[in-house]
Structures are given as C-alpha cells and as structure tokens.
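A.B. asks: Sequence:
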Amino acid sequence: MTQRVDLATVMDRLAIDDVVTGYATAVDDADWSGYRALFAQDGRADYRSAGGIEGPADQVAGWLAETMRLFPVRQHLIVNRRVHLEDLGGYPGDRADVQADYLNPMRLGSGEEFVAGGRYAFALTRTDGGWRLRSVTVREKWRHATFPVPAAG
2 MTQRVDLATV MDRLAIDDVV TGYATAVDDA DWSGYRALFA QDGRADYRSA GGIEGPADQV
62 AGWLAETMRL FPVRQHLIVN RRVHLEDLGG YPGDRADVQA DYLNPMRLGS GEEFVAGGRY
122 AFALTRTDGG WRLRSVTVRE KWRHATFPVP AAG
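At position 17 of the sequence shown (counting the first as 1) the number is 18 in the working numbering, and the numbers step up by one without a gap.
Keep in mind that the hints were calculated from the coordinates and are not lab data.
Here the structure is a predicted model, which means the values were calculated and not measured.
Ideal Cβ positions, reconstructed from N, Cα and C, are used throughout, including at glycine.
Check the hints yourself; a few may be wrong.
Unchecked claim - Cross-link-like lysine to aspartate or glutamate pairs, in silico, EDC-like; alpha carbons within 20 Å at most:
id, residue 1, residue 2
1, Lys142, Glu114
2, Lys142, Asp102
3, Lys142, Glu55
4, Lys142, Asp47
Said to hold, decoys possible - Distance ranges between label pairs, derived from CB positions:
id, residue 1, residue 2, range
5, Gly94, Arg70, 19 to 29 Å
6, Ala124, Tyr92, 17 to 27 Å
7, Ala9, Pro149, 49 to 59 Å
8, Tyr92, His145, 41 to 51 Å
9, Asp95, Thr138, 17 to 27 Å
Sequences are here, hints too, so could you generate the full structure?
C.D. replies: Put into structure tokens, the structure is as follows:
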C-alpha cells in the first residue's frame, strides 16, 4: 500500500468511529434529528433482540423517542470496536462493517436502575455527505434491573 492509501484508510476509520460515537451520544442525549442524520437514506435499525422494533431509521427514531422517555438517565458505552473496511484490491472501498460491544446503564424515573450489555453490528456506506449507517443491529446478551433500597428511618 502507498502512504496515500494508508492515510485514506486511517481517515476512513476515524470517520467511521465518529459515526459510531455519534450514534451513542444521539441516543443518550435524545437527539433524534442527529440520530436520523447518521443513517443513509434507506438506513434501518433492528432492536428486536432488546424487546424493540426493526424498521427504517425514521420509524425507529420515533419509537426510541417514546421509549427512552422512560429512562431520563442513560449512557451508552461502546467498546471493543472491530472495523472491517471493504478492500478493493488494496484500496479502500465504500462499505464498512463494525462489531462493537456495549454496556448501557439507564435509570428509570422511579429510581430503578437497568443495565444491558451486548453487541452492535453496524453496516456503513460512504455517501457524498460522508460515512452513514446502512444498518444497526442490536444483539442484547444480558440485562439486569436493580431497585432502590429505602433509607433506614
């Protein structure tokens, strides 16, 4: 590979990481227009393994907006990102896949805490506007709920 191709690959990886990070912060901050903007025009999301829905990004964003109201405190931690860039004979292509683990602590308005963990599968495509999500699939592996203990009085 040439230094130019190496640099292009590094720049693509950084841009893809920005999309994945943008996804987490959009959900955590209830930025649903920002969430929608991360997706390609025909982008889809699948939350069925976590008890949610699957469909076009616009529809899923609406569902998330309603569902996340139950959890006024939430924080996605997306780690162990494995990026695979399409390779066109030694040159970067226009598609990428990312597998990433997540830990998602949330708090209900009642004070109950809910934590889930699993793995995301992100599929991305390069567009005129930069890298965008073709699909997001949540593969929840576990969840745990805790309940607040009243203070002794």
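A.B. asks: Run the structure past the numbered hints and jot down the numbers of the failing ones, going up.
C.D. replies: 5
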